[in-house]
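**Student:** Sequence:
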Amino acid sequence: MASIKQNPTFAASEFRQPLSRLPDLRNMGVCLRILIAVNLMGIIAAVLQTSTLQQAFSRLAELSITIQPVLLASLLLFYAAYPLLRKLPYAWAVACIIGTVLLLTSIIHQMDIYGFGAEPPASLIRSWLFGLCMTLTILGYFNLRQRALSPAITEARLQALQARIRPHFLFNCINAVLSIMRSEPKRAETALEDMADLFRVVMSDNRELVPLAQELALSRQYLALEKLRLDERLEIVWQIENVPPDALIPPLVLQPLLENAVYHGIEPLPQGGRITIQIEAGHKEVRLRLSNPCTTQSNHHGGNKMALNNIRERLALHFDAEATLSSQTGQGQYHVEIVIPYREHMA
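Residue numbers for the sequence shown follow numbering that gives the first Met the number 0, so the first one is 0 and each next one is one higher.
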């Protein structure tokens, strides 16, 4: 029988604070925050430079001639260059971003002069200073936000450790393995290996995205353990359509939902029930749907609510506004749907 190996890196690395890193410049929420911040700073600058509302609108229009082209061109360039920028040290990446903003400011400034005559050449330095201040302010905001959310990532992981593998599941699985140890030793050995893999993943660093294929393999191992315990009371239906296995998702997203489906939907029913897992890829997104029986005695609050909140928080930390989690009850079924942006695994 394969031995159960421990993970010696758990204690040393789990709670290490990450170094400063760039925000995800391909994330819709990040781009939206940048757009709002730059335009807000433009409005503030226009108000501070004028004395009347009419003058402020006029000044804002003049500033927008330079600000908007630089802003949009920068977002497009950084979107395309993000895979390269993320590999650079943080200081080098910041230098590249600042240099790009200043270069674009110079180009747009010269186009304004020769095309519209909107600004005298002497204002180029002022435009540089304005662009530099905006860039540093925005990068500083995202850096502070990342540092503020780092404890939240740790806290979310701690909650996940408490919510995912419940003591009743551990004890029941051990008892189930013991019951077949003599009669079906091969099956018992496989079950113990599945348990080892499951707990190894739970106790590892779960802050990085993992390929969908890895999450599906772990979920199948978990369901195999529950099948060992519940036998014919548990029916599992997988419906996977055109899903790239290299799509990246947060680890241990599906398993807590499956555990809740078993605990709240299958166990209360004497005859058991069916859990249906649907996974499909759409336009630049991956959808995960899970449904299970829901009786009047089932309580989809408490532990279930904590697991859903935990998953929702981790989705927001990884994908910001691009990922959603929704749940509903209808016709005796409880449904959960997760929508995440499609991101392929980069070696």
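Rather than coming from a laboratory, the hints here were simulated on the basis of the structure. Since the structure is predicted, the reported quantities are computational estimates derived from the model, not experimental observations. Please note that a few of the clues may not be correct.
In the DSSO-like style, the derived pairs of lysine-lysine whose C-alpha atoms are separated by at most 30 angstroms in a straight line are [claimed, not checked]:
1. Lys226 / Lys185
2. Lys304 / Lys283
3. Lys283 / Lys86
Derived DEER-like restraints, expressed as beta-carbon distance ranges [said to hold, decoys possible]:
4. Leu75 / Ile179: 19 to 29 angstroms
5. Gln213 / Gln54: 20 to 30 angstroms
6. Gly281 / Ala212: 36 to 46 angstroms
7. Pro267 / Glu240: 52 to 62 angstroms
8. Ile179 / Thr275: 23 to 33 angstroms
9. Ala223 / Leu135: 23 to 33 angstroms
10. Asn308 / Trp237: 40 to 50 angstroms
All C-beta atoms, glycine included, are put in the ideal place defined by N, C-alpha and C.
**Student:** Now tell me, hint by hint, if it's right for this structure.
**Tutor:** Each hint tested on the structure:
With a CA separation close to 16 angstroms, the supplied pair Lys226 and Lys185 stays within the 30 angstroms bound. At roughly 28 angstroms between alpha-carbon atoms, Lys304 and Lys283 fall within 30 angstroms of each other, so this suggested pair holds. A hinted pair counts as satisfied when its Cα atoms are at most 30 angstroms apart, and Lys283 with Lys86 qualifies at roughly 23 angstroms. Roughly 60 angstroms separates the CB atoms of Leu75 and Ile179, a value that falls outside the hinted 19 to 29 angstroms.
A hinted range of 20 to 30 angstroms is violated for the C-beta pair Gln213 and Gln54, which are about 59 angstroms apart. The hint said 36 to 46 angstroms for the Cβ distance between Gly281 and Ala212, and at roughly 18 angstroms that hint is violated. Between Pro267 and Glu240 the CB atoms are about 31 angstroms apart, so this pair departs from the stated range of 52 to 62 angstroms. Taking 23 to 33 angstroms as the suggested C-beta distance range, the pair Ile179 and Thr275 conforms, at roughly 27 angstroms.
Between Ala223 and Leu135 the C-beta distance comes to about 53 angstroms, which lies outside the given range of 23 to 33 angstroms. A hinted range of 40 to 50 angstroms is violated for the C-beta pair Asn308 and Trp237, which are about 26 angstroms apart.
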